Amino acid sequence: MPTPTLFVSEALREFPDTAGALSVACRDAGVDLRVLPGTSRNPWVRDHLPVVRADGTLVQFRYWPDYLVRSRKYRRMLVEPLDLGPVLPDRTVVHNELIVDGGNVVLGKDFAVLTRKV
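Its first residue numbered 689, the sequence shown is counted upward by one per residue in the numbering used here.
In case anyone wonders, no lab produced these hints; they're calculated from the structure.
In this text the structure is predicted, and so the values were computed from the model without any measurement.
Be a bit skeptical, because a hint or two may be false.
As the list claims (entries may be wrong) - Here are the simulated DMTMM-like cross-link-like pairs (lysine to aspartate or glutamate), alpha carbons at most 20 Å apart as the crow flies: (1) K797 to D743; (2) K805 to D754; (3) K761 to D743; (4) K805 to D743.
Claimed, not checked - Label pairs and their calculated CB-CB ranges: (5) Y755 to D720: 13 to 21 Å; (6) R729 to N792: 29 to 37 Å; (7) D798 to L772: 30 to 38 Å.
All C-beta atoms in this analysis are idealised placements derived from N, C-alpha and C, irrespective of residue type, glycine included.
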């Protein structure tokens, strides 16, 4: 069985106490902690990274939430999909133009629930 991996944003480095505690917790749990390059503009990687299908395929949706698009202050947090090839060379990434915020996707063993913001 492959080692579970937790990917985090480069922005976590701005919070060394939190980063240190997370590193210890991951080590103790046997989880590989990896920093994704190119993620300093938007620390919420769950929102803009691909969603994992039951067969292991990664589905990259378009991250274009209306609350960021309309905001002068936070529009800089809109990001293009990362090239995950160097990080996950053995995984297939399928691109889909649906606008989906990954933070609104809850995955079960063989199902996914998509929620709306409130």
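Hint check results:
1. K797 to D743: Holds, at about 10 Å.
2. K805 to D754: Between K805 and D754 the Cα gap is close to 11 Å, so the pair holds against 20 Å.
3. K761 to D743: Not satisfied, since the Cα-Cα distance of roughly 38 Å exceeds 20 Å.
4. K805 to D743: violated (27 Å)
5. Y755 to D720: 13 to 21 Å: With a Cβ separation near 32 Å, Y755 and D720 fall outside 13 to 21 Å, so the hint is violated.
6. R729 to N792: 29 to 37 Å: violated (20 Å)
7. D798 to L772: 30 to 38 Å: This hint is violated: roughly 24 Å between Cβ atoms.
In terms of the numbered hints stated before, the structure departs from hints 3, 4, 5, 6 and 7, listed from lowest to highest.
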